[in-house]
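Engineer: Sequence:
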Amino acid sequence: MNQLKSDDYPAIYKEYIDSVTEPVMNELAEKLNSFPEFVRSIPEELGTYAYAEGKWTVKEVLCHLLDAERIMAYRALRFARNDMTALASFEQDEFVANGRHNERSFESIIEEFMALRQANILLFKTFNETELSRKGMASDRLISVEAFIYIIAGHMNHHMTILGSRYLKDNNNNNNQKQLHVV
Numbered sequence: 001m002n003q004l005k006s007d008d009y010p011a012i013y014k015e016y017i018d019s020v021t022e023p024v025m026n027e028l029a030e031k032l033n034s035f036p037e038f039v040r041s042i043p044e045e046l047g048t049y050a051y052a053e054g055k056w057t058v059k060e061v062l063c064h065l066l067d068a069e070r071i072m073a074y075r076a077l078r079f080a081r082n083d084m085t086a087l088a089s090f091e092q093d094e095f096v097a098n099g100r101h102n103e104r105s106f107e108s109i110i111e112e113f114m115a116l117r118q119a120n121i122l123l124f125k126t127f128n129e130t131e132l133s134r135k136g137m138a139s140d141r142l143i144s145v146e147a148f149i150y151i152i153a154g155h156m157n158h159h160m161t162i163l164g165s166r167y168l169k170d171n172n173n174n175n176n177q178k179q180l181h182v183v
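Residues 1 to 183 in the UniProt record's numbering are what the sequence shown lists, from first letter to last.
Be aware that one or more of the hints could be misleading.
As the list claims (entries may be wrong) - Here are the computed distance ranges between Cβ atoms for each label pair:
id, residue 1, residue 2, range
1, A11, E91, 17 to 23 Å
2, S41, R81, 34 to 40 Å
3, P43, R81, 40 to 46 Å
4, L142, E112, 20 to 26 Å
5, P23, P43, 21 to 27 Å
6, D83, Q3, 24 to 30 Å
7, R100, E22, 32 to 38 Å
8, E22, A97, 15 to 21 Å
9, E129, R40, 35 to 41 Å
10, G54, E129, 20 to 26 Å
11, L123, D18, 32 to 38 Å
12, Q118, Q92, 20 to 26 Å
13, D93, E30, 18 to 24 Å
14, A11, L32, 16 to 22 Å
Think of the hints as simulated: they come from the structure by calculation, not from any bench. For glycine and all other residues, C-beta sits at the position ideal for the given N, C-alpha and C.
Build the full structure now, drawing on both the sequences and the hints.
Structural biologist: Have a look at this one:
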């Protein structure tokens, strides 16, 4: 895969794309090991922790990653197959509110991630340069197939950083149960 050009994606995705520091397929594959390790390092009792009122819980963030990856891969598939139908946005807060994520175990989230990521890697490897460069409209924004692959990788980087800095840092440093907001 080639390095993206700025006209391959809307500026709102720049932070995600810029966080991909190695070849994108390598980064996707590397997370097959590091993401499960990361999730397993989180104490189960923190699964329903939110760092502030109205914020998602740890499990909701993790499942949001699954939902977003699935949607971005679907969009990439549609455009790669030359289906240029404009695709609607998805309301992430509704997905989280209706996902029953806090009822899940970390292991079930890891299992789903592994299957989803492996399937997506296999799919993305089938795309040739023509398919990767195809663009379509998603969420009222013009975006290339290849950009979706970078967004998937960068979106995970973004949320793993947030989990570490806003959800897990205070709990690891202070271990003060009074600070936890458990829903």
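Engineer: So, for every hint listed, does it hold in this structure?
Structural biologist: Results for each hint:
no.	hint	result
1	A11 x E91: 17 to 23 Å	21 Å, holds
2	S41 x R81: 34 to 40 Å	38 Å, holds
3	P43 x R81: 40 to 46 Å	43 Å, holds
4	L142 x E112: 20 to 26 Å	31 Å, violated
5	P23 x P43: 21 to 27 Å	34 Å, violated
6	D83 x Q3: 24 to 30 Å	26 Å, holds
7	R100 x E22: 32 to 38 Å	35 Å, holds
8	E22 x A97: 15 to 21 Å	35 Å, violated
9	E129 x R40: 35 to 41 Å	37 Å, holds
10	G54 x E129: 20 to 26 Å	44 Å, violated
11	L123 x D18: 32 to 38 Å	24 Å, violated
12	Q118 x Q92: 20 to 26 Å	24 Å, holds
13	D93 x E30: 18 to 24 Å	29 Å, violated
14	A11 x L32: 16 to 22 Å	30 Å, violated
Hint check: violations occur at hints 4, 5, 8, 10, 11, 13 and 14; the rest are consistent with the structure.
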